[in-house]
Structure formats: structure tokens, C-alpha cells
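Keeping the supplied structure of chain A fixed, place chain B upon it in accordance with the hints.
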Amino acid sequence: MRAFEGLLPDRVLSAGEPTRGRYPDEQGFVVDEPGVRVFYEVYGEDPDTICLLPPFPLFHSRAFRVQIPYLARHFRVIAIDPRGNGRSDRPSHPASYSRAAHVADVLAVLDATTTERAMLVSVSPRAPLALELAVEHSERVRAVAFITPQLWPIKEFIAPFTAARRDRYDGYEKWNRHYLRENYEEFVRWFAQSVFPHPHSTRQIEELTTHALETDGPTFMAALLGFDMYERDEAVAVARRIRCPVLVTQNGGDAFWPKDTSGPLAEATGGRLHVFTGLGPLVGARWPVAMNLVLREFFESVRADELSAEGATPAPEHV
Amino acid sequence: MAIAVKSDYEGSRACSPVNEGYVERDGVRTFYEVYGTGEPTILLLPTWSLVHSRVWRCQIAYFARHFRVLTFDGRGNGRSDRPLEPSAYWPQEFALDALAVLDATETERALTVSLSAGTAWNLMLAALHPGRVEGAVFVSPTLYAVGEPFPEWSWLPFNKRFEDYTAVRGQNRYFIAEHYAEFAEFWARLCTPEPHSTRTIEVALGMSLDTSPEVVIATIEPGSSPDLSTVDRLAAAGALLAPLARAVRCPTLVMQGELDPISLPHWARALAADTGGQMVMLAAAGHVPGARKPVRFNLELHRFVERVAASGA
Numbered sequence: 010m011r012a013f014e015g016l017l018p019d020r021v022l023s024a025g026e027p028t029r030g031r032y033p034d035e036q037g038f039v040v041d042e043p044g045v046r047v048f049y050e051v052y053g054e055d056p057d058t059i060c061l062l063p064p065f066p067l068f069h070s071r072a073f074r075v076q077i078p079y080l081a082r083h084f085r086v087i088a089i090d091p092r093g094n095g096r097s098d099r100p101s102h103p104a105s106y107s108r109a110a111h112v113a114d115v116l117a118v119l120d121a122t123t124t125e126r127a128m129l130v131s132v133s134p135r136a137p138l139a140l141e142l143a144v145e146h147s148e149r150v151r152a153v154a155f156i157t158p159q160l161w162p163i164k165e166f167i168a169p170f171t172a173a174r175r176d177r178y179d180g181y182e183k184w185n186r187h188y189l190r191e192n193y194e195e196f197v198r199w200f201a202q203s204v205f206p207h208p209h210s211t212r213q214i215e216e217l218t219t220h221a222l223e224t225d226g227p228t229f230m231a232a233l234l235g236f237d238m239y240e241r242d243e244a245v246a247v248a249r250r251i252r253c254p255v256l257v258t259q260n261g262g263d264a265f266w267p268k269d270t271s272g273p274l275a276e277a278t279g280g281r282l283h284v285f286t287g288l289g290p291l292v293g294a295r296w297p298v299a300m301n302l303v304l305r306e307f308f309e310s311v312r313a314d315e316l317s318a319e320g321a322t323p324a325p326e327h328v
Numbered sequence: 152m153a154i155a156v157k158s159d160y161e162g163s164r165a166c167s168p169v170n171e172g173y174v175e176r177d178g179v180r181t182f183y184e185v186y187g188t189g190e191p192t193i194l195l196l197p198t199w200s201l202v203h204s205r206v207w208r209c210q211i212a213y214f215a216r217h218f219r220v221l222t223f224d225g226r227g228n229g230r231s232d233r234p235l236e237p238s239a240y241w242p243q244e245f246a247l248d249a250l251a252v253l254d255a256t257e258t259e260r261a262l263t264v265s266l267s268a269g270t271a272w273n274l275m276l277a278a279l280h281p282g283r284v285e286g287a288v289f290v291s292p293t294l295y296a297v298g299e300p301f302p303e304w305s306w307l308p309f310n311k312r313f314e315d316y317t318a319v320r321g322q323n324r325y326f327i328a329e330h331y332a333e334f335a336e337f338w339a340r341l342c343t344p345e346p347h348s349t350r351t352i353e354v355a356l357g358m359s360l361d362t363s364p365e366v367v368i369a370t371i372e373p374g375s376s377p378d379l380s381t382v383d384r385l386a387a388a389g390a391l392l393a394p395l396a397r398a399v400r401c402p403t404l405v406m407q408g409e410l411d412p413i414s415l416p417h418w419a420r421a422l423a424a425d426t427g428g429q430m431v432m433l434a435a436a437g438h439v440p441g442a443r444k445p446v447r448f449n450l451e452l453h454r455f456v457e458r459v460a461a462s463g464a
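Sequence order for the protein chains is A and B.
The letter at position 177 of the first sequence is residue 186 when you use this note's numbering, and the numbering goes up by one with no holes.
The letter at position 202 of the second sequence is residue 353 when you use this note's numbering, and the numbering goes up by one with no holes.
Honestly, the hints are just simulated from the structure, not real lab data.
Treat the hints with care, as some may be off.
[What the hints assert, rightly or not] Under 8 Å between C-beta atoms, here's a sample of chain A residues computed to sit facing chain B:
hint: 1; residue: P208
hint: 2; residue: H209
hint: 3; residue: T211
hint: 4; residue: R212
[Unchecked claim] Pairwise CB distance ranges, derived in the manner of DEER restraints:
hint: 5; chain 1: A; residue 1: P206; chain 2: B; residue 2: A398; range: 25 to 35 Å
hint: 6; chain 1: A; residue 1: D179; chain 2: B; residue 2: E457; range: 29 to 39 Å
hint: 7; chain 1: A; residue 1: E54; chain 2: B; residue 2: C166; range: 27 to 37 Å
hint: 8; chain 1: B; residue 1: A165; chain 2: A; residue 2: T219; range: 43 to 53 Å
hint: 9; chain 1: B; residue 1: H347; chain 2: A; residue 2: G180; range: 25 to 35 Å
[What the hints assert, rightly or not] Below, simulated SDA-like cross-link-like pairs (lysine to any residue); rule was C-alpha separation at most 25 Å, straight line:
hint: 10; chain 1: B; residue 1: K444; chain 2: A; residue 2: W296
hint: 11; chain 1: A; residue 1: K268; chain 2: A; residue 2: E165
hint: 12; chain 1: B; residue 1: K444; chain 2: A; residue 2: R177
hint: 13; chain 1: B; residue 1: K444; chain 2: A; residue 2: H207
hint: 14; chain 1: B; residue 1: K444; chain 2: A; residue 2: L282
hint: 15; chain 1: B; residue 1: K444; chain 2: A; residue 2: P206
hint: 16; chain 1: A; residue 1: K268; chain 2: A; residue 2: S317
hint: 17; chain 1: B; residue 1: K444; chain 2: A; residue 2: E165
hint: 18; chain 1: A; residue 1: K164; chain 2: A; residue 2: L282
hint: 19; chain 1: B; residue 1: K444; chain 2: A; residue 2: P78
hint: 20; chain 1: B; residue 1: K444; chain 2: A; residue 2: T211
hint: 21; chain 1: B; residue 1: K444; chain 2: A; residue 2: E26
hint: 22; chain 1: B; residue 1: K444; chain 2: A; residue 2: K268
hint: 23; chain 1: B; residue 1: K444; chain 2: A; residue 2: N301
hint: 24; chain 1: B; residue 1: K444; chain 2: A; residue 2: R212
hint: 25; chain 1: B; residue 1: K311; chain 2: A; residue 2: R74
hint: 26; chain 1: B; residue 1: K444; chain 2: A; residue 2: P33
hint: 27; chain 1: A; residue 1: K268; chain 2: A; residue 2: P78
hint: 28; chain 1: B; residue 1: K311; chain 2: B; residue 2: E353
hint: 29; chain 1: B; residue 1: K311; chain 2: A; residue 2: K268
hint: 30; chain 1: B; residue 1: K444; chain 2: A; residue 2: K164
hint: 31; chain 1: B; residue 1: K444; chain 2: A; residue 2: G30
Where a beta carbon is used, it is the ideal one built from N, C-alpha and C, also for glycine.
If we strip away everything but chain A, and leave its shape as in the complex, we get (with noise of 0.2 Å):
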């Protein structure tokens, strides 16, 4: 893999993108050897860099949007738009969707942005991207923070999945692969307003949206059914192996969002587990205050801990 050498125009935004807190200091894309373009974007200059992981394809890295200005206040920040949505390439074969292959971008994008080592957050159906990182590269990373993670797939939408055809598909009837892939965009109006249920959340829903229906129905499922998930067992077998701090959250909404992996996720990386309470299921969407404190003070306490086992006289407090 290797870095994009085609011209960038200065700021690339997507089209009638609002304006943003902060912008990029650095843009580019990475590029593997069928020639799928990742795009990524660097802010701020600190030597100690958070990598936000590339989300599940409904999403792209401006979702992120109320996370990076907070967070570029105090470290380096990396996004990156996954395969299939934002400003990366949509493959149309689910191969190109290998969680392999999205351990490859995370990598290159490592290497283009001379990060040498960066602490990681995924979202929800990314942790496993996390977890291979962290296991399999652990040279590459500081610390990992799984955000709802889920490693191993949700049984509620198995059998809504690999359901036949209906006539109509209520609530998570629509996680069916007919629906998803011919009625995509019906699916994501209704998706966005089932996981932004509280009042005053129009801003939140809108920008899902607008996000979601920036890919479309069969690269979506070309994504959904190309990333590798893993088996409970395996899951819980190769986070034990985890040596970097972690911190697990989990959101306290009643939402659908699967809530069975953060404990053993927690418990087997030896990490610590964050429940926001009463907050959920999009916690850094809706409330990100809430988010963007716990981020912080983990990635700070790295920061820190790896300061006093080097024997280094530790940072004047960061404000």
C-alpha cells in the first residue's frame, strides 16, 4: 500500500457540507493494490495521536464531527472515511470489505501520517477492526477505546437477515438483506430515527442521514457482509491477549444496541468499563460533552502512565 500521489485540492469537502469547528491540517488518501482510495484527514501537531478508527459504512468520519475539535485541543487526531461511504472508494465486491483489508488502511494510513504509534477508538461494529490492531500490530498501538463495542454478531438481526422476502418489514425486519439492499434509503430514514429517540435530536438525524445516503444499498451490503466479524469464544480468546490499556464504554439507552459484549470485552482485556447512564445509544452524537470527557481523561491517563514508566518528570496538567 502506499500513499496517494494525485493532487488534493486544498480542503476537501464534501458537497454542501456546513462549516466545521475545526478543519484539517493535513488531507490525503492511502491507496492498496486493487487500487481502493481510503481517504484520511490529520488535525492538530501533538506528538501523541488518537486514530478514530473508519466507522460501519452508515457512518463516515464526520461523524466524529463533535468529537475531533475537542479532542484536537489536546492530542493529534486521525479520521478516516471507511470503504464504501465519505470520500473513500465504494468496491463493489464484499472481499474488498475484509476486516484484512481494513486492518491494511488503518496501517497505511499510519505510515502516510508517519504516526508511529496512536491510540485507538472504534465504534460499535468496528471493535473487532480494534482488536486485531491491537493484538496483531501492537507495536502500532497505545491504547484502545471500544465504544459500544460489538466483536461478534447481533443474534436479533441473524434471523431478520436471512429471512425471506415480506410483504412489509417492521422494526428489525428490516435488517433483511432483500430490504436493506432495495430499500436502502427507506431503511436509513427509519434507522436514524431509531437510534436518535430523544427529544431535540432533528440536528443528529439529519446528518445521519445525510451521511448514510452518501453510499448506497449494495456497497452497504457488499460491507456488511464482507467484514469479519468474530465467534464469542474467539473474540474473548484473543482480547485476553490485549496488553495496551483499554477502556470499554457502553451506552445506558434502551435502544436496540446490543449491550452483552463490553462486560467480557472489559473483564478480558482487564480494561476499564464506562456506562453512561441513561445516555444512548449514540452517546457521541447526542451528548458530547459526556463522550468527549471520558475520551479524554483515558487518552490523558495513557499519556500520563506512559510519562511515569519512562521515569520522565510527567507534563504541567493539560487545560
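Chain B only, in chain A's frame:
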């Protein structure tokens, strides 16, 4: 569609007052709060008593970190008294309440900030009590109605009874008296044409339901004899306020949202010109830019405060 208002619409506060109390004039008690301990003091004036001091909720915490902030609930709402005589709501009463709050908090001078109807008492303070006002900021100066065109809402007759109120919405005595919650929601929505304003509307509606239609009608009553339409009342206010504006000598700033359907840009421009002040147009903002575009609004206001403080030093 009506918005459900929860009893805890106020929510939690980002910062708590360091002091609070009441001033009393002619038997009417007015509740005030002091935030922060810095210099100078910013007095966030009440606007129309349809709402109260929490209309500044997105300003208080920010400015209290840098300066000292005074707020008070305009008579008729919040924790202040609710007299029912229209004369209790004449603009000079709000100006005198403001002076009483300055005295009670031992504030010699302050930068005064008004919103909408507060234009009237802010101009009275700045023009008639120049020793107390270091600088004056006028946000969405509704009452500075110094010329045509007039906004659409102002053409609704105040005193006429309509047979059917399904299509009639706005400042009308009988609509307010008999459909108060609908009126409050209509007004809150008119104030916030920006998308994603549900929270602002909910807070505004909660504040409006804190007072009564009788109070709101009393606040409109002073200028509304049966012969006067709201347009005439606005024009009269503009004519009365223009000489005051020309008498203002302190630095001034006028802030106007470009989407504001209640207070029109030519009034704001006229006020800036007449006070010899600066005019800032806020893109994509409605009548209450401090609530809907708080960051941009606060930064503009902060810059003005710094400029005034520097020139006074």
C-alpha cells in the same frame, strides 16, 4: 402540532449564580441574579415578559467566565411579580427596574444588552443615564420601527375578534386570551426559523407558560387603543425611540439575524446609524441569535466588550 412541555424544561444550568435577590419598586418585586466576579459587568436586560431571564441561558455561563453578568426577570414572568395593570409594563418601568438592580448589586456602570422589545429600555438607559452605561448592545431591535416595510406579523389587528382562530395566529387579544399555549408556540416558532430549533422552542414555550395571558395582554395594552393596529403601535414606538437613539453617546453594537421575520434589518441598520454604532448581520440566524447561534453570537459580543473595556481604560 403542539410540543409537549416537561415541567423541568429549564434543565440543568451550566453555571450557578454567585448572588441573587429582589428589588422592589411600587410594590412590584423583581428577581435578579449575579454570575461571575470579573470586570466589566454585563447587564443582560429582559425582553418581552412572554419569556424571562433564561432567554440568555446560552450567554450566561460563557460571559461569567470572563466578566460579571447580571440578569433579571422582567416584571410579569420568572420569579418576578406579575402586576396586571398595563401601566406597570410601560418601558420606563423596566428601565427603572434595571437601575434598581444596578444599585442593589453595587454596580456603578455596566454594558447593557437588550433583545427585541428590550430595545426601548436599553435606549432609555443609554440615552438618559449615560453615567451608568459603558456600552449598549441591541439584539434584534424590534421596537426601533422607524420605517416601512413592516413585518407580516404586525398587520394582525390586536383588538378585533375573529370568528375562527384556526387560521389566525399572532398578537391578537382574543387569540392570546383563549388560545394562550398556541399563541406561545406560534411566537416561539416565529422567533426561530432556523432548522433544529426544537430545544429553543421548548424552552421558550416553557417560559411563556410560566406567566399568564392576562399578563401578556397587559404588556401589549399600553399602546393599543382600539383604533391602533400593531403596525401603528410599532411606528409610534419607533418615532418615540429615534430621538433617544440620537442622544446615545456610548459605544453601541446592533446585532441582526438575517432570517429574522419579527424585527427587520432596515430597523437594525437605522438604529446602528442613529446611535453611531456598529452593525453585525448574523447569517442563517433568526430573532434570537443568542439562543440558536450562541458561539458566533457570544464571540461577537465578547469582541465588543473587549473593545469597550480597552477604550475606557
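Would you list, in rising numerical order, the hints stated earlier that this structure does not obey? 5, 6, 8, 12, 14, 16, 17, 22, 25, 27, 28, 29, 30
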